[in-house]
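Chemist: In case you want the letters, here they are:
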Amino acid sequence: MSVLLQQLANGVVQGALIALIALGYTMVYGIIQLINFAHGEVFMVASYGGLATFTLLPEDLQKSPAVALPLMFVGGIVVAVVVAVIMERFAYRPLRNAPRLAPLITALGVSVFLQEAVRVFYPNAKSNLPYPKVFPEGNLTLGPVNVSWTGVLLVGLSIGLAVILQTYINKSRMGRAMRATAQDPDTAKLMGVNPNRVIVLTFVFGAVLAGVAGIMYGGYLNNINIDMGFQTGIFAFTAAVLGGVGSIRGAVIGAFIIGLIKTVAGQYMPGGTQYDYVWIFVVLILVLVFRPQGLFGEPERVRA
Amino acid sequence: MSTVDTSSGKRSALAPLGKPLAAAGGVLGIVAALLPWVTFTLNDGNWPDKSTLQFFDAPFSVTGFRWHVLLLGVLILVAAFAPVPSKGRVVRALGWGLTLVSFVNAAYITVKGGGLGAITALDGATAFGGVVGLVAGVLAILAGYGIGIGPVGDWKFKVSTPVAYLVLLVSFGAVLYAVAAMLTTGGVGSANPYAGAIFLSFLGFAAGILAALSGVGFVRWISALSEQHRVFSVVVLAACALLLPFTDAGNEYWMTVAANIGIYAATAIGLNIVVGLAGLLDLGYVAFMGIGALVAANFSGAATAYFGFDLPFPVAAVIAAIVAGIFGAIVGSPTLRVRGDYLAIVTLAFGEIFTRSAQNDIGGFTNGSNAIPGIPALSLFGTEFNRSISIGSVKLPAGVLYYILIVLLVAATMAVFANLKFSRIGRAWIAIREDEDAARAMGIRTGKMKILAFLIGAMLAGLAGAVFAHKNGTVSYESFKFLESVTLLAAVILGGMGSIPGAVLGAALLFVLPEKLRDFEDYRLMIFGLALILIMRFRPVGLIPDAHRRAEMVERADENAEEAHLEAKKA
Amino acid sequence: MRKHSVKSAAIVGASLLVLAACGSNKTEGGGNTGGSCDTSKGTLTVGVVAPLSGNLSALGLGIKQSAELAVDEANKKCTVPGYKLTVSAQDDEANPAKGAQAATKLSTDPNVVGVVGTLNSSVAQTVQPILRDKKIPQVSPANTNPSLTRGNDFLTAPKRQFDNYFRVCTTDDLQGPYAANYLVEKAGKKNIAIITDGKTYGEGLAAELSKQVAKKGGKIVGSEKVGEKDTDFSGVISKIKALNPDAVYYGGEYPVAGPLSKQMASAGLNVPLMGGDGIFDPKFVELGGKEGDLATSVGAPTESLATAKAFVEAYKAKFGKEDYAAYGAFSYDAANAIIGGLAKTVEGGAWDDSKRDAMLTNVGAYSGSGATGEVKFDQYGDSTNKVLTVYSVTSGKWKDVQTGEFTG
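Chains as they are written, first to last, in full-length UniProt numbering: chain L, 1 to 304; chain E, 1 to 571; chain P, 1 to 408.
Looking at chain L on its own, in the form it has when it is part of the complex (with noise of 0.2 Å):
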């Protein structure tokens, strides 16, 4: 019982971290219909972009973490959105009108340009880099339960983010012009919107989200690599998938139940931690089966 709840905590934080990404792939899948494979090395990047902010601290602040913690945040989300825009505008925008799986090609272009780029000019990173310690170190202990409180600030983070994205989303002006365009971009011109506009703006939001992902990422597990984006990346467009795109709680509530599977299945399923990931892929394939639009999509529309 005891193992059973540590794995569902364990569970949780991972999918915390896949959740704060999931929601950048849903985004800008909801308004442009892109699978952003890229979206992945956006969190990578953004890791790197903490730690070299940590590293260009004069060291007596690098020492007090009060200092230089919101500092990488801030580091770290300022090269994950000046990536992005750059993403936008430079590789996907020209391709608008292109036929639908061009920018799938240039999205998995990206991928490949930026995971290299940071391998061959970033100070050593073509092995793992440890990351600074900033995070309180701990854990908090329920009964049985063990999870680091890095961990425990992941998962509220992610939460929180998710729920005022939401209500952004719901509540604003701009949120309605998001979702406008997303329903029918045509008319939300007709009534106004500008759909560039939007469009960056979605690519923002998801930029900021995946460079708090990247930051707490590397406090969590105090060290990053250059393929950390690629495999969360995968897992946060599972996740996306499973919950419905378009969808925010679906992208969050997707990315729990990965992160569930994963160390559930890992514990009690046969062939156990081997075959882990399978577990995952056939619990999305049934999902999908069963629910084509995936748990809280809506029924696909036939756009015009």
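Warning: the hint list may mix true and false statements.
[To be verified] Subject to a maximum C-alpha distance of 20 Å in a straight line, what follows is the list of computed EDC-like cross-link-like pairs (lysine to aspartate or glutamate):
{"no.": "1", "chain 1": "P", "residue 1": "344", "chain 2": "P", "residue 2": "163"}
{"no.": "2", "chain 1": "E", "residue 1": "481", "chain 2": "P", "residue 2": "228"}
{"no.": "3", "chain 1": "P", "residue 1": "262", "chain 2": "L", "residue 2": "137"}
{"no.": "4", "chain 1": "E", "residue 1": "395", "chain 2": "P", "residue 2": "353"}
{"no.": "5", "chain 1": "P", "residue 1": "135", "chain 2": "P", "residue 2": "352"}
{"no.": "6", "chain 1": "P", "residue 1": "318", "chain 2": "E", "residue 2": "522"}
{"no.": "7", "chain 1": "E", "residue 1": "395", "chain 2": "P", "residue 2": "133"}
{"no.": "8", "chain 1": "P", "residue 1": "399", "chain 2": "P", "residue 2": "291"}
{"no.": "9", "chain 1": "L", "residue 1": "133", "chain 2": "P", "residue 2": "291"}
{"no.": "10", "chain 1": "E", "residue 1": "481", "chain 2": "L", "residue 2": "227"}
{"no.": "11", "chain 1": "P", "residue 1": "309", "chain 2": "P", "residue 2": "374"}
{"no.": "12", "chain 1": "P", "residue 1": "321", "chain 2": "E", "residue 2": "522"}
{"no.": "13", "chain 1": "P", "residue 1": "135", "chain 2": "E", "residue 2": "384"}
{"no.": "14", "chain 1": "E", "residue 1": "395", "chain 2": "P", "residue 2": "109"}
{"no.": "15", "chain 1": "L", "residue 1": "133", "chain 2": "P", "residue 2": "286"}
{"no.": "16", "chain 1": "P", "residue 1": "229", "chain 2": "L", "residue 2": "227"}
{"no.": "17", "chain 1": "P", "residue 1": "386", "chain 2": "P", "residue 2": "400"}
{"no.": "18", "chain 1": "P", "residue 1": "134", "chain 2": "E", "residue 2": "384"}
{"no.": "19", "chain 1": "P", "residue 1": "290", "chain 2": "L", "residue 2": "137"}
[What the hints assert, rightly or not] Not close to chain L: a few residues of chain E, all C-beta gaps over 10 Å, as computed:
{"no.": "20", "residue": "15"}
{"no.": "21", "residue": "114"}
{"no.": "22", "residue": "448"}
[As the list claims (entries may be wrong)] Derived Cβ-Cβ restraints for the label pairs, each shown as a range:
{"no.": "23", "chain 1": "L", "residue 1": "136", "chain 2": "P", "residue 2": "243", "range": "23 to 31 Å"}
{"no.": "24", "chain 1": "P", "residue 1": "42", "chain 2": "E", "residue 2": "383", "range": "32 to 40 Å"}
{"no.": "25", "chain 1": "E", "residue 1": "125", "chain 2": "P", "residue 2": "378", "range": "56 to 64 Å"}
Because the hints were derived from the structure by calculation, they are not lab data. Backbone N, C-alpha and C define an ideal beta-carbon position, used for all residues, glycine too.
Knowing the structure of chain L, use the given hints to seat chains E and P on it.
Modeler: For chains E and P alone, kept in the frame of chain L given last:
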């Protein structure tokens, strides 16, 4: 040519300067070719093509990139003053070619030479070739805008069949020559320290010339011709491919690379059925190739094979194709309910399940992380396929038999693809791709058709996988990961979805490019990523768009233009 | 003529003329870096096949640069009279098919005398036959799969697989059992949990270790696997923790092992983590390896070996950093074995294709003392250096605790 319509802001400012700019660009290009490019002998040895030679020493014997620059300069002059269709496009394309060639060489010399002194003036020696070439290129690009970017040239005239055959023969021959030249630029071994630069420079030249040919309408005309004489074209193309071993590129290394390209091309054609024709995005496709390879490996008599006996290759290949096809149908079955990108993720999931299972030696078929090594090479009449052979006095490199086998395999899959595409089934697939609901309303049994697409595509991949197993001698799950699926998909889209030669060209590009970029070691994957972005930016419909699809694209582009026009009016 | 051109060029590049003063790295007599040695007979090439891009590039780069160091030193010392040596490094992307292409590219170059590589055993499987057909010796710094040299039944019926294939590193069937002996007998850890990354190296090591643990009366309490690109190991750790192991053996490399050890500690699983030479790297500690973690590595400890110290210093002097990674020293020895074999082959003569058989024999007969200890090959092509050392993390550094040979 056409100086009316189109709303390019740049044009109005540059319009009167078009021809003078082109003249200046062309002349400067010729001058650049004859100027020295580097002031001294670099530490790694002479820059190629006698670039330190002083001014106009040997105007008629320039070689390599200087000859390319000279040719581009002359062509710019010709294009500017001869009656050429779509003049602006042609001049601009040639200008880009000139710029790229100059930039690659100048940048390389600067970096290798350790400063701008190497391409300007140093110790009394001057070398402005690179700078002049760059300026000439930029001038020509501006000239192109000045003259005006009209629609791509459209050649209406018809030719008789013999003339068409001759034209096709010559064109494909030129393609063969260009391919061989591209493969061998910079040499094969590690001898030439500047091989990377020479290759990039050649690529710039080739891109410029190709873009110009396409701008002038020649490419469109040729593809229309080859569409008319499809059988003849395929035969000639296959013949050209079979002739490659007799060119300079006919060495063991390129035979191996070409054979690998062929295997992936055959797989990509299979994927083209699923993605290009039926419009079903598949992100786990390489798994079918893996299944084919594993089946063939297990029947090959290798030491760690599951079955202790070896079947003759054709039998094993057929079994491989069938098993892969069955899995294809299974993976395809969710298509009955799942649509669009949701289906893509199902296929991705299947691909991941395959790699994980193969890694864990599921059922004892894959030998897990140890892979199945020692798969014997194919042999025919006692000759192993990986040995070199001689025909008369001509000695062909090792691996040429595999190459021939694979060319035949690719030709066969192309034939299957072409026949399907123009059959009732193919039309049904295209209908599903365009509008599934409408297709269903027209009486097409969409579910059955979609599963059929998966089944046939997977069978082709399985067949290719069987050859892969014997060609490489080892089957490891590491060869069939997500990245390979992505590369295959990129090959299909780069080449042009649904077009017959597209997948082959795409696969060739995706495999040749990294091979030729070997000299860049650390940077090569980065350049590769950048190249993907750029190709999609400038050719979003792929390099050889399907004629059918192209029509749709043009229609849509017209609509967009109309929309933009309306908007401009509104504002 | 000259004047005219200068003028036209000057008009165009006027602004650049100012920058022209930036200078160059022009050196007199460039191209002859052979120094005082006689290089009249030309250039010969030592090939390297390793992953130079992608996520294993840190290891691949260490292999490449260490080989370059060996070649550089040979050029300076005129080891191969009459020839200048160069390195041609080819990227295999850790992909067997790409490795085959890289090997073919090298094998078609008549100047390639030998190949250092590969990193991955699965890539070696495709490279071996290609190089054998051209009689090019291949010396691997990192392939630990025993079947590469001795075939599938390597324990019961060893049989030489490829007469051109050698390796300077130790094999799983020595390293795994040696680690098992240490854990069970010396450290008294009876209940051992195994985690691997599922790749050839880690799986092989873990499999050989498990056999020996059982033989020595220990118990494997659980065997788990982490994904190749996984980074959050909490699920695996919780599962292992419930089994109460005395120690965890990790089959894999340091980029995973370091964080894994750290996450084990923070999840409250405070038992030592042990691994093979893949985790014996200073980076392991940097990435979270904790006090008391163990690793085995081939050869005597670096501190006690003058040749090893010399290698580390020379590497630092040439590349500025100690980033030769896990297999740098092996690669240095591998390159030296090829160079040594070559020196003997061309002694007093010139290199040509007919010397290839002699070259294979000479590499096989090579003997020297390298950065990892004695370098010599047995009848299967395996290293005869069966000395292994157990290291333990002590105050933030690897410290040797036991050196010996595996005796069963």
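Chemist: Each of the hints needs a verdict: does it hold here or not?
Modeler: How the hints compare with the structure:
no., hint, verdict
1, 344/P to 163/P, "18 Å, holds"
2, 481/E to 228/P, "12 Å, holds"
3, 262/P to 137/L, "12 Å, holds"
4, 395/E to 353/P, "18 Å, holds"
5, 135/P to 352/P, "12 Å, holds"
6, 318/P to 522/E, "19 Å, holds"
7, 395/E to 133/P, "17 Å, holds"
8, 399/P to 291/P, "11 Å, holds"
9, 133/L to 291/P, "18 Å, holds"
10, 481/E to 227/L, "15 Å, holds"
11, 309/P to 374/P, "14 Å, holds"
12, 321/P to 522/E, "18 Å, holds"
13, 135/P to 384/E, "18 Å, holds"
14, 395/E to 109/P, "17 Å, holds"
15, 133/L to 286/P, "12 Å, holds"
16, 229/P to 227/L, "7 Å, holds"
17, 386/P to 400/P, "16 Å, holds"
18, 134/P to 384/E, "15 Å, holds"
19, 290/P to 137/L, "15 Å, holds"
20, 15, "25 Å, holds"
21, 114, "20 Å, holds"
22, 448, "17 Å, holds"
23, 136/L to 243/P: 23 to 31 Å, "30 Å, holds"
24, 42/P to 383/E: 32 to 40 Å, "35 Å, holds"
25, 125/E to 378/P: 56 to 64 Å, "59 Å, holds"
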